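J.: Sequence:
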Amino acid sequence: MYNRNLVFAAACLGMLLFGIVFLSLGSAMNMLAERFQFDNNSIGTLTALLPFGILAGSLIFGPIVDRFGYRWMLIVCSLLVMAGLEGMAFGHREGHIQFFIFLIGLGGGVLNGATNALAADVSEGARGARLSLLGVFYGIGALGMPSTLAALSRHFSLAGIIAGIGVFVLVPVVYFLVIPFPPPKQQARSGALSSGLALLRHPFFLLAGLALAIQSGMEGMTNDWITRYFKHVTLAGRPAEEWRTLLGLMVVTGAMVLMRIVLSGLLQYTRSPRVLFVSIGITAAGGLLLLFAGGYGAALAAAALIGAGLAAAFPVVLGYIGDRYPAQSGTAFSAIFFIALIGNMTINKSFGFLAQSHGIQQYPKVMLGCLLASLILLSLVVKQLPGRTAPAAAPETIPS
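Just so you know, we're using my numbering here: the sequence shown kicks off at 1 and counts up by one.
These are calculated hints, taken from the structure and not from any lab test. Here the structure is a predicted model, which is why all the values come from computation and not from measurement. Each residue gets a CB set at the ideal place from its N, CA and C atoms; glycine is no exception. Certain hints may be false.
[What the hints assert, rightly or not] Under the rule of at most 25 Å between Cα atoms (straight-line distance), these lysine to aspartate or glutamate pairs were calculated in the DMTMM-like manner:
#1 K349 / D39
#2 K185 / E94
#3 K349 / E34
#4 K365 / E124
#5 K349 / E94
#6 K383 / E124
[Claimed, not checked] FRET-style restraints, in silico, Cβ to Cβ:
#7 G237 / D39: 18 to 24 Å
#8 Y269 / F36: 46 to 52 Å
#9 V262 / A327: 27 to 33 Å
#10 Q37 / A298: 28 to 34 Å
#11 G281 / S357: 27 to 33 Å
#12 S157 / A327: 17 to 23 Å
#13 R35 / P183: 42 to 48 Å
#14 I75 / K383: 37 to 43 Å
#15 G237 / P184: 54 to 60 Å
#16 G295 / H155: 27 to 33 Å
Please take these sequences and the hints and turn them into a complete structure.
T.: In structure tokens:
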């Protein structure tokens with residue numbers, strides 16, 4: 001028999017690893033760019049490879065965990081992340097680096113989707129709040145990556161620090177080995193692919209997926225490009241020490257962590273649609289401030305607003321999905337993350353081309369355009385909610 005709190009803790013540890021994954025490339029970007037003399041277009045390719053790996057992981061995890069359970073999937077994919085981090089730290093060929101970044105993404109994609117589905121499975125009645133709390137651990141992992149690099153970069157090489165972070169992955173692996181997990185939900189079920197495709201016939205699901213595609217693109221673009229923005233725009237013409245550029249990324253992530261802590265309590269008392277729309281306004285304020293910021297302090301304030309504003313969409317919308325499809329949460333989350341990460345890859349790669357031709361200073365303008373699209377899509381999602389609140393959403397069954 002499994003313990004819900006122990007299982008939720010396992011989900012939190014897995015999400016912490018995904019936070020490390022999602023910020024690994026952004027944190028190491030300047031190191032890799034200098035090692036291989038990358039231009040912005042080459043960097044754009046790397047930033048597309050990470051979400052491509054996450055995309056592949058997101059596509060495969062759902063049917064597997066629904067049928068076989070979570071334990072070994074979490075263990076194997078944690079070890080893939082470890083191998084990828086070690087390879088990124090010590091690789092000396094561009095092709096090898098691309099492979100290791102994909103490997104990190106593959107393991108991370110499974111960890112992201114599986115931990116969200118696992119947390120939803122053991123959080124009936126409070127999915128939005130518990131998924132927000134889960135997201136805090138994403139933030140801790142994500143914040144830990146650049147903050148560790150910033151704190152230790154004066155004393156150790158970045159490659160050595162990244163390798164040390166890779167070894168840390170063994171801690172969650174041991175925990176996954178020793179605790180009991182929920183049994184598989186669909187041991188005799190087949191047709192998972194057709195079930196996933198059937199979701200696309202649900203207008204609610206499709207709109208939610210498109211909204212999260214935009215959201216994922218904004219988060220990925222911010223995580224992967226904000227250090228470059230601080231180095232080449234905010235600190236242009238001034239000494240740009242590594243810790244000063246990494247601080248922008250740390251502020252984004254720290255603000256997201258704090259906001260998700262707030263959301264884990266707030267969503268128990270406040271209507272979730274209101275939270276979504278306020279978060280869009282906060283992100284827009286950050287984008288406008290960054291666009292017109294004249295100094296480093298103002299840019300850091302803008303980064304804080306962007307991070308805080310980006311915190312709400314994923315836990316809230318995933319809570320809606322968990323409430324609608326509780327019996328097939330793995331397959332539903334797999335499909336929703338697949339759609340979301342297509343958006344991440346498309347926006348990231350497109351911004352790489354844009355930055356190469358028009359400069360990285362276009363980042364705030366692209367963010368504001370994405371926010372407008374997000375506002376429209378989330379408005380349509382909210383209109384699909386019975387009573388316009390997540391708890392009132394009736395569960396649906398995915399046809400085989």
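J.: With respect to the beta-carbon atoms only, verify the hint that V262 and A327 lie 27 to 33 Å apart.
T.: Since V262 and A327 have Cβ atoms about 31 Å apart, the given range 27 to 33 Å holds.
J.: When you check the alpha-carbon spacing of K349 and E34, does it fall within 25 Å?
T.: Satisfied, since the Cα-Cα distance of roughly 20 Å is no more than 25 Å.
J.: Can you tell me whether the CB distance of Q37 to A298 sits inside 28 to 34 Å?
T.: holds, 32 Å
J.: Next pair to validate is K365 with E124; report whether the Cα-Cα distance is within 25 Å.
T.: violated, 39 Å
J.: Quick one, are K349 and D39 close enough, alpha carbons at most 25 Å?
T.: holds, 13 Å
J.: Is the hinted pair K185 and E94 satisfied, with a Cα-Cα distance of at most 25 Å?
T.: Since the Cα atoms of K185 and E94 sit roughly 42 Å apart, the hinted pair is violated (cutoff 25 Å).
J.: Hinted pair, alpha-carbon criterion (25 Å max): K349, E94. Please report holds or violated.
T.: Holds. K349 to E94 sits at ~18 Å (cutoff 25 Å).
J.: Given the range 27 to 33 Å, decide if the beta-carbon distance of G281 to S357 lies inside it.
T.: At 31 Å between Cβs, range holds.
J.: Does the alpha-carbon distance linking K383 and E124 stay inside the 25 Å limit?
T.: holds, 23 Å
J.: Should the hint that G295 and H155 are 27 to 33 Å apart at their CB atoms be regarded as holding?
T.: holds, 29 Å
J.: Does 17 to 23 Å hold as the CB distance between S157 and A327, or does it fail?
T.: Since S157 and A327 have Cβ atoms about 49 Å apart, the given range 17 to 23 Å is violated.
J.: Lying within 54 to 60 Å: is that true of the beta-carbon distance G237 to P184?
T.: About 58 Å separates the Cβ atoms of G237 and P184, which means 54 to 60 Å holds.
Consistency with the previously given hints fails for numbers 2, 4, 12, ordered from lowest to highest.
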